[in-house]
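Work the whole structure out from these sequences, hints included.
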Amino acid sequence: MFGRLKVYIIMFSAFAMFAGVAYWYYQDSQKQLQGYAKNQAKLEIGIELQRKQAVTLLADIKLMNTTLIELNEDFVESRKQVRELEKTFTEKKNGEARDFGKLAEQKSGLVEKIINSGTANVLRCFELLSGATPTEKENQDENLQHCINNIN
Amino acid sequence: MKTYNIVLIILTSFFLASCSTIQELKLLTVDEPRPTLVVPEVDQLDMDNITWVIVTPENVQEVFQDLKDKNIRLALFSLTSNGYQAISINNANIIKLIKQQESIIAAYEQYYEAEE
Chain A
377 MFGRLKVYII
387 MFSAFAMFAG
397 VAYWYYQDSQ
407 KQLQGYAKNQ
417 AKLEIGIELQ
427 RKQAVTLLAD
437 IKLMNTTLIE
447 LNEDFVESRK
457 QVRELEKTFT
467 EKKNGEARDF
477 GKLAEQKSGL
487 VEKIINSGTA
497 NVLRCFELLS
507 GATPTEKENQ
517 DENLQHCINN
527 IN
Chain B
-8 MKTYNIVLII
2 LTSFFLASCS
12 TIQELKLLTV
22 DEPRPTLVVP
32 EVDQLDMDNI
42 TWVIVTPENV
52 QEVFQDLKDK
62 NIRLALFSLT
72 SNGYQAISIN
82 NANIIKLIKQ
92 QESIIAAYEQ
102 YYEAEE
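As they're listed, the protein sequences go chains A and B.
For the first sequence, my numbering begins at 377 and goes up steadily by one.
For the second sequence, my numbering begins at -8 and goes up steadily by one.
Please keep in mind that the hints were generated in silico from the structure rather than gathered at the bench.
Don't be surprised by glycine CBs; every beta carbon is placed ideally from N, CA and C.
Wrong hints could be hidden among the right ones.
[Unchecked claim] Straight-line distance between alpha carbons at most 30 Å, and here's what the computed DSS-like set of lysine-lysine pairs gives:
1) 438(A) x 414(A)
2) 17(B) x 438(A)
3) 478(A) x 87(B)
4) 468(A) x 478(A)
5) 469(A) x 456(A)
6) 61(B) x 469(A)
7) 17(B) x 489(A)
8) 61(B) x 489(A)
9) 414(A) x 17(B)
10) 513(A) x 463(A)
[Stated by the list, open to error] Here are some, though not all, of the chain A residues that point toward chain B, as calculated from beta-carbon distances under 10 Å:
11) 394
12) 397
13) 400
14) 440
15) 446
16) 455
17) 477
18) 478
19) 487
20) 523
Right under this line is the structure:
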């Protein structure tokens, strides 16, 4: 009787042990599966974030290039104004050399008018660049366009 | 028997302690945007007019007489044609610089405001 009970106890213990191991294995594998699923989700989120970042980065690079191109065009235009003025003093419209001193000596009245008008334009250009509102007439004035366009 | 009870109590307390859990602490961070910098406008320039007078050997007497008539001091601050060219080109370079600076500011605005 007692010997039989002993066998039962051993069998029960062995069964309980197997059940325990199976339970532990099940729990552990579930935990691992959950971990894999979490990692997978994290990876997917990471990939999506990277994709979004790449799109944003590309858009930024595009905008930066556009801005730089526009800036370079503005710089070229501003340098052009100086070169044109230098040319006015040294070269006629037909390409011949101009002696500004000689012209002033020969046609002092005309040159005086031109340089006074030019100086007034330069001073007005400073005012416009500082934020002054151009008048209707100034909006049409070709000589002041480079000062007005820069404000807009 | 007494020792057995003590061991049993200690083991039970260990088992019970293993049932306790610690709730994970969660930190929430919120990005607060940088306040916008509002800068004042520059002072608008109000330039005084300048009148150039070209003095040649032919009109020098006339120019001085005109000054006398207008009761203006007989001192002229003169420039040669080369000096005038230089001052004009210097002014053009200053305008160029202002325009370039304004273009740079506009470029920064365009780039960073588009980001927002």
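Hints and how they fare:
For the hint linking residue 438(A) to residue 414(A), the alpha-carbon distance of about 36 Å lies beyond 30 Å, and the restraint is violated. Between the alpha carbons of residue 17(B) and residue 438(A) the distance comes to roughly 39 Å, so the proposed pair goes past 30 Å and is violated. Between residue 478(A) and residue 87(B), the direct Cα distance comes to roughly 28 Å. Compliance with the 30 Å bound is thereby established for this hinted pair. At roughly 13 Å between alpha-carbon atoms, residue 468(A) and residue 478(A) fall within 30 Å of each other, so this suggested pair holds.
Of the pairs offered as hints, the one joining residue 469(A) and residue 456(A) holds, with about 16 Å between alpha carbons and a cut-off of 30 Å not exceeded. With a C-alpha separation of about 38 Å, the suggested pairing of residue 61(B) with residue 469(A) is violated against the 30 Å cut-off. Under the criterion of a C-alpha separation no larger than 30 Å, the hint pairing residue 17(B) with residue 489(A) is inconsistent with the structure, at around 79 Å. Proximity of residue 61(B) to residue 489(A) is assessed by CA-CA distance (about 20 Å); at most 30 Å being required, the pair is judged to hold.
At most 30 Å may separate the alpha-carbon atoms for a hinted pair to count; residue 414(A) and residue 17(B) meet this at roughly 17 Å. Restraint check: the Cα-Cα separation between residue 513(A) and residue 463(A) comes to about 27 Å, which is no more than 30 Å; the hinted pair holds. The beta carbon of residue 394(A) is not positioned within 10 Å of any beta carbon in chain B (closest approach about 22 Å), and the interface hint is therefore violated. Given the 10 Å rule on beta carbons, the hint for residue 397(A) is violated: about 19 Å separates it from the nearest Cβ of chain B.
A cut of 10 Å between beta carbons decides the hint on residue 400(A): the least distance to chain B is about 14 Å, and the hint is violated. A hinted interface residue such as residue 440(A) counts as satisfied when its beta carbon comes closer than 10 Å to some beta carbon of chain B; here the least separation is about 6 Å, so the hint holds. Among the interface hints, the one on residue 446(A) holds; its C-beta lies about 7 Å from the nearest C-beta in chain B, closer than the 10 Å criterion. The closest approach between the C-beta of residue 455(A) and any C-beta of chain B is roughly 6 Å, which is under the 10 Å cut-off, so the hint is satisfied.
With a least beta-carbon distance of about 3 Å to chain B, the hint placing residue 477(A) at the interface is held under the 10 Å criterion. For residue 478(A), the suggested interface contact is upheld, since its CB lies about 8 Å from the closest CB of chain B, less than 10 Å. Restraint check, residue 487(A) versus chain B: the minimum CB separation of about 6 Å is within 10 Å; hint holds. Annotation: residue 523(A) was flagged as interfacial toward chain B, and the flag holds, the nearest CB pair being 7 Å apart, inside 10 Å.
When the structure is compared with the earlier hints, violations turn up for hints 1, 2, 6, 7, 11, 12 and 13 and for no others.
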